[in-house]
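Visitor: Chain residues, written in single-letter form:
4 protein chains.
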Amino acid sequence: MGETPFSLEFKVRDYECDMQGIVNNANYQHYMEHARHEYLHHIGLDFAKLTEEGIILVVKRIEIDYHFPLRSGDVFFVDCVAERVSPLRFAFVQNIFRLSDRKPIISARVTGTSINRNGRPFLPEIIDKAFGPVKQQ
Amino acid sequence: MGETPFSLEFKVRDYECDMQGIVNNANYQHYMEHARHEYLHHIGLDFAKLTEEGIILVVKRIEIDYHFPLRSGDVFFVDCVAERVSPLRFAFVQNIFRLSDRKPIISARVTGTSINRNGRPFLPEIIDKAFGPVKQQ
Amino acid sequence: MGETPFSLEFKVRDYECDMQGIVNNANYQHYMEHARHEYLHHIGLDFAKLTEEGIILVVKRIEIDYHFPLRSGDVFFVDCVAERVSPLRFAFVQNIFRLSDRKPIISARVTGTSINRNGRPFLPEIIDKAFGPVKQQ
Amino acid sequence: MGETPFSLEFKVRDYECDMQGIVNNANYQHYMEHARHEYLHHIGLDFAKLTEEGIILVVKRIEIDYHFPLRSGDVFFVDCVAERVSPLRFAFVQNIFRLSDRKPIISARVTGTSINRNGRPFLPEIIDKAFGPVKQQ
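Residue numbers (the numbering used here), protein chains in the order written: chain B, 3 to 139; chain X, 3 to 139; chain Z, 3 to 139; chain Y, 3 to 139.
You may find that some hints are simply not true.
Repeated chains share a single entry, so a pair holds when one copy, or any two copies, can fit it.
With a straight-line cut-off of 27 Å between C-alpha atoms, the simulated BS3-like cross-links for lysine-lysine are [said to hold, decoys possible]: (1) K13 with K137; (2) K62 with K137; (3) K105 with K131; (4) K105 with K137; (5) K105 with K51.
Source of the hints: derived by calculation from the structure; they are not laboratory data.
Extracted from the complex, chain B is given alone in its bound form (with noise of 0.2 Å):
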């Protein structure tokens, strides 16, 4: 019964891959990156507006499984569903299927919080709305 999840598609580029031919294993974060801006965008929020007014997102842990790499050619998408873990902690779970089979290529979970300039804790209103309440387990 859940929903469908925001979801980006990308297209390999030659440069992200390496000696071994395949996607170099940083890219992936970055692909996971772009996505959650990207949603981000979609619910409202422009990460470089924020960063200017001083509301720092950032990322506290990441977890990532590499399922199966990504090669010169492959065309995959990102989704990216958020939840809150804690009245100043929310998270993304976001995977990475190849398009033309939908093969698994990585399962990730990102947690993230929000600062001001000072390092501070700081997740104003639009943040809090943004992520709802905490999950009840």
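Model the placement of chains X, Z and Y on the given structure of chain B, informed by the hints.
Guide: Showing chains X, Z and Y alone in chain B's frame:
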């Protein structure tokens, strides 16, 4: 009477921006490389397969004029026109324009050649045909 | 009574910082990968040569806790301790500390394995020996 | 009778190599940028602080000749000589050599200027002094 050049649309990803809040200079080379490789696909050449077969396409010279920076959220396109400059060299004339107002972002000229795995000039028929005869001045 | 772990010093390069003025999250994976490959050299393994010989070392899982961000000008070190977690898997425990005050920047655990060019498990003796026996709990 | 130019040593990191097994073209811009910023520190200018103060150093043109590729494990140095080319423009002549045998890797010329946050020319005294008078031809 010119044809419409090959062109590819992109959107700035926030990780491509640096502390100045604009796309870092080196990333324009990434955009242009991806547009060139997509152009090659368009004319029937696959960069990754060529590499596996020992046909190594390499850049010998790049000139880039930076007119105006791209920022978070900008959508832009990169065009690509190829020409043969000598028996062993070909060039790509590439421009980037912001989509919303066609503002020129960069103009570039990228000269390349083809070598084998030992670094020797190696321009087999498949490459020779793709870039056509040397342009008469 | 522990030995000093393998450790490698780096300095932040400005292109590694994003619009928040701090090192972009994905770059910590780059730092850690470079430290792992230098660690491999240190114990007699060359990642590039292994790749050429069809011994493909891949990351299966990564967990990173981000404690504090690095900024322009920061000098830091990345340490690396390897352990065998199962017949086919090994792990690297990696931490990053700012050099000036030993402030913890990130803590990470990277689990990997070794496959052949067809993606099948392939852990030849050279790899088996390098990571030693499975650690008794 | 020239002075020894400012020079910075690097080692190739494997993630900088692409599927051809050589350093990807765009990474040479990264190396050169880092060497320029370290050169600026050397003459008393801090790129990050200048950026915070609204003195935005930008590249206007780059020309790179690629002579020979760097590979995994290569140690190299990037040198940097600055010159004033006009009241508003300065240039950096930069070369990369492999350390082991001084083999030339790339030669480049990078022309820059200084603007304010609104993109207007802004070359305050601190920058003017750093680059000295326009070179007489």
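Visitor: Does each hint fit the structure? Answer for all of them.
Guide: Here is what the structure says about each hint:
1. Taking the shortest alpha-carbon separations for K13 and K137, neither the intra-copy value of 34 Å nor the inter-copy value of 33 Å comes in at or below 27 Å.
2. For a Cα distance limit of 27 Å, the shortest separation of K62 from K137 inside one copy, 19 Å, qualifies, whereas the shortest one across copies, 29 Å, does not.
3. Taking the shortest Cα distances, K105 and K131 never come within 27 Å of each other, neither inside one copy (34 Å) nor across copies (33 Å).
4. Proximity of K105 and K137 under a CA criterion of 27 Å is satisfied in neither setting, with 29 Å inside one chain copy and 33 Å between copies.
5. For a Cα distance limit of 27 Å, the shortest separation of K105 from K51 across copies, 22 Å, qualifies, whereas the shortest one inside one copy, 35 Å, does not.
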